[in-house]
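K.L.:
Protein sequence lines, in the order shown, are assigned to chains Y and P. Numbering-wise (our numbering), the first sequence opens with residue 1 and increments by one. Numbering-wise (our numbering), the second sequence opens with residue 1 and increments by one.
Calculated directly from the structure, the hints in this document are not laboratory data. As the structure is a prediction and not an experimental result, all values here were calculated from the model. Certain hints may be false.
[To be verified] Below are the DMTMM-like pairs computed for lysine to aspartate or glutamate, each with C-alpha atoms no more than 20 angstroms apart in a straight line:
1) Y/Lys144 <-> Y/Glu37
2) P/Lys144 <-> P/Glu181
3) P/Lys79 <-> Y/Glu196
4) Y/Lys79 <-> Y/Glu90
5) P/Lys76 <-> Y/Glu247
6) Y/Lys76 <-> P/Glu247
7) Y/Lys144 <-> Y/Asp21
8) Y/Lys76 <-> Y/Asp98
9) P/Lys76 <-> P/Asp98
10) Y/Lys144 <-> Y/Glu181
11) Y/Lys79 <-> Y/Asp63
12) Y/Lys79 <-> P/Glu196
[As the list claims (entries may be wrong)] So the derived list for chain Y, only partly shown, Cβ under 7 angstroms to chain P, looks like this:
13) Asn4
14) Pro19
15) Asp21
16) Asp98
17) Trp166
18) Leu170
Even glycine gets a Cβ: it sits at the ideal position worked out from N, Cα and C.
There are 2 protein chains.
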Amino acid sequence: MPQNMITAIPIPGIPHVRPGDDLPRLILAAASEARIEFRSNDVLVVCQKVVSKAEGAVVALRDVAPSPFAERIGRKMGKDPRVVEVILRESTRIVRMDGGLIICETGPGWVCANAGVDSSNSLGPDTVVLLPRDADASAEAIRKVVERERDVSVGVIITDTFGRPWREGLTEVALGVAGIEPLLDLRGRRDLNGHELLHTTMAIADDVACAAGLVMLKDSGIAAAIIRGAPVTAGPGGGWRFVRPRESDLFR
Amino acid sequence: MPQNMITAIPIPGIPHVRPGDDLPRLILAAASEARIEFRSNDVLVVCQKVVSKAEGAVVALRDVAPSPFAERIGRKMGKDPRVVEVILRESTRIVRMDGGLIICETGPGWVCANAGVDSSNSLGPDTVVLLPRDADASAEAIRKVVERERDVSVGVIITDTFGRPWREGLTEVALGVAGIEPLLDLRGRRDLNGHELLHTTMAIADDVACAAGLVMLKDSGIAAAIIRGAPVTAGPGGGWRFVRPRESDLFR
Numbered sequence: 001m002p003q004n005m006i007t008a009i010p011i012p013g014i015p016h017v018r019p020g021d022d023l024p025r026l027i028l029a030a031a032s033e034a035r036i037e038f039r040s041n042d043v044l045v046v047c048q049k050v051v052s053k054a055e056g057a058v059v060a061l062r063d064v065a066p067s068p069f070a071e072r073i074g075r076k077m078g079k080d081p082r083v084v085e086v087i088l089r090e091s092t093r094i095v096r097m098d099g100g101l102i103i104c105e106t107g108p109g110w111v112c113a114n115a116g117v118d119s120s121n122s123l124g125p126d127t128v129v130l131l132p133r134d135a136d137a138s139a140e141a142i143r144k145v146v147e148r149e150r151d152v153s154v155g156v157i158i159t160d161t162f163g164r165p166w167r168e169g170l171t172e173v174a175l176g177v178a179g180i181e182p183l184l185d186l187r188g189r190r191d192l193n194g195h196e197l198l199h200t201t202m203a204i205a206d207d208v209a210c211a212a213g214l215v216m217l218k219d220s221g222i223a224a225a226i227i228r229g230a231p232v233t234a235g236p237g238g239g240w241r242f243v244r245p246r247e248s249d250l251f252r
Numbered sequence: 001m002p003q004n005m006i007t008a009i010p011i012p013g014i015p016h017v018r019p020g021d022d023l024p025r026l027i028l029a030a031a032s033e034a035r036i037e038f039r040s041n042d043v044l045v046v047c048q049k050v051v052s053k054a055e056g057a058v059v060a061l062r063d064v065a066p067s068p069f070a071e072r073i074g075r076k077m078g079k080d081p082r083v084v085e086v087i088l089r090e091s092t093r094i095v096r097m098d099g100g101l102i103i104c105e106t107g108p109g110w111v112c113a114n115a116g117v118d119s120s121n122s123l124g125p126d127t128v129v130l131l132p133r134d135a136d137a138s139a140e141a142i143r144k145v146v147e148r149e150r151d152v153s154v155g156v157i158i159t160d161t162f163g164r165p166w167r168e169g170l171t172e173v174a175l176g177v178a179g180i181e182p183l184l185d186l187r188g189r190r191d192l193n194g195h196e197l198l199h200t201t202m203a204i205a206d207d208v209a210c211a212a213g214l215v216m217l218k219d220s221g222i223a224a225a226i227i228r229g230a231p232v233t234a235g236p237g238g239g240w241r242f243v244r245p246r247e248s249d250l251f252r
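Next up, chain Y with everything else stripped away, as it sits in the complex:
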């Protein structure tokens, strides 16, 4: 077997997370219980749902008074108007609103359905979970605890599941990134013919997120995983770097 394998190791046993829970400690305890150790250069991948719940980024729908616009859109789309209201409050721009879908810009510039507002794996009926308020800060907070408690340098990625234009199905994306470079710039490196690679900047944290997604399916109860052996380099992180600047975005 070659040495340069990559492994995705699910961390089972993280309990239902509630606002105020100390998520880094829950993750470390679950890893210990499962006898999973952290090694340097591991990337710890954590789904945004547990991050948001621990941070209290949760809304009880009984507290939401929908605006007339949210009422109308809700009726038209067959959605709960209170959920539409939360989606609108989370949005900085509506990118498309058609075919029963609301594609929003939210956070630092993420584009996704419903501004990431989701009722699955929430705190119970009539609650919805928002995206983390600052996913890079969330990732960095987890990274610091793991580094301090386990004395290893790790990367941390907070992930969510987004759709995309043109292609069916959802894939994982990196929202928050800490401790590693989110993008891997291969420009200047050479291909097998010695030809310089001109346009190849890999979304390496997204690829890592997708690898972890394979062990963190929504119905699996797995909220975190370790990716070991990925070609990541230490760095300051910053999931916001995935947000394509307005001027180079042909699909706004």
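Fit chain P to the given chain Y structure using the hints.
P.N.:
Frame of chain Y; chain P shown alone:
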């Protein structure tokens, strides 16, 4: 360690591939040489570049006479007009043409830069490689040989590296898929609260492609990898199923 880990195993030693080469045999020989065995439910991921080269989907630019339109676009964008001509010949639709980029629809409905026409890792200077003519057929041909020669049921995915709207960086996508279901429909399954999942169809073959991409970077010389342990189910394959139908695509 939990049993349900996923591993990405690079297959080193596949030689430079040329038109007419028997790619499945080259892959099997390289795997044998590296003492990598195939197991049932493995997914063999192969980058499109070697598939296209083996199948002769390669163009020598000296044979290309650019049209007046290709000449003008090439001048305007600072691209070789002969490359532009090949891109146009590969395209069924130009989705966007701006900022030095030509985003095209090609193949069964893939949307990507330059219709997938690429000069990196090609046969040498002044040649470009096209996408496989029928990536599902390419995947199925490889799958049949692996199954016959190794007596195991495997999935095969032919991958390429695409950009995407809104997010910086490239990720891997599955072009051709054989032996497994490309999409994993979680609808009807239940989340941790017993709440039914309504809208979750995962692009599982794309997630597998991304996991493999981590061991198949463009400058690595690795053209194939095995993903072991992924939550794939046997099926007829069909990468074409990723193509979002026109009527449900908000971003044409």
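K.L.:
A separate judgement is required for each hint: does it hold in the structure or not?
P.N.:
Hint check results:
1. Between Y/Lys144 and Y/Glu37 the alpha-carbon distance is near 16 angstroms, which keeps this suggested pair within the 20 angstroms criterion.
2. Of the pairs offered as hints, the one joining P/Lys144 and P/Glu181 holds, with about 16 angstroms between alpha carbons and a cut-off of 20 angstroms not exceeded.
3. For the given pair, P/Lys79 sits about 16 angstroms from Y/Glu196 by alpha-carbon distance, which is consistent with the 20 angstroms threshold.
4. With a CA separation close to 16 angstroms, the supplied pair Y/Lys79 and Y/Glu90 stays within the 20 angstroms bound.
5. For the given pair, P/Lys76 sits about 19 angstroms from Y/Glu247 by alpha-carbon distance, which is consistent with the 20 angstroms threshold.
6. As the CA atoms of Y/Lys76 and P/Glu247 are separated by approximately 19 angstroms, the hinted pair is consistent with the 20 angstroms bound.
7. The hinted pair formed by Y/Lys144 and Y/Asp21 meets the criterion: a straight-line CA distance of about 17 angstroms does not exceed 20 angstroms.
8. Distance restraint check for Y/Lys76 and Y/Asp98: the Cα-Cα separation of roughly 10 angstroms lies within the 20 angstroms cut-off, and the hinted pair is therefore satisfied.
9. Restraint check: the Cα-Cα separation between P/Lys76 and P/Asp98 comes to about 10 angstroms, which is no more than 20 angstroms; the hinted pair holds.
10. Straight-line distance between C-alpha atoms of Y/Lys144 and Y/Glu181 comes to about 16 angstroms, which keeps the hinted pair within the 20 angstroms bound.
11. The suggested pairing of Y/Lys79 with Y/Asp63 holds, with an alpha-carbon distance near 17 angstroms, which does not exceed 20 angstroms.
12. Taking the CA atoms of Y/Lys79 and P/Glu196, the gap is near 16 angstroms; set against the 20 angstroms cutoff, the hint holds.
13. Satisfaction of the interface hint for Y/Asn4 is found here, the shortest Cβ-Cβ separation to chain P being roughly 6 angstroms, below the 7 angstroms cut-off.
14. Among the interface hints, the one on Y/Pro19 is violated; its C-beta lies about 16 angstroms from the nearest C-beta in chain P, farther than the 7 angstroms criterion.
15. Taking 7 angstroms as the C-beta cut-off, the interface hint given for Y/Asp21 is violated, the closest approach to chain P being about 15 angstroms.
16. Nearest Cβ of chain P to the Cβ of Y/Asp98: about 6 angstroms, under the 7 angstroms cut. The hint holds.
17. For Y/Trp166, the interface hint holds, since its Cβ comes within 7 angstroms of a Cβ in chain P; the closest pair sits about 4 angstroms apart.
18. Using the Cβ-Cβ criterion of 7 angstroms, the hint placing Y/Leu170 at the interface with chain P is satisfied: the shortest such distance is roughly 6 angstroms.
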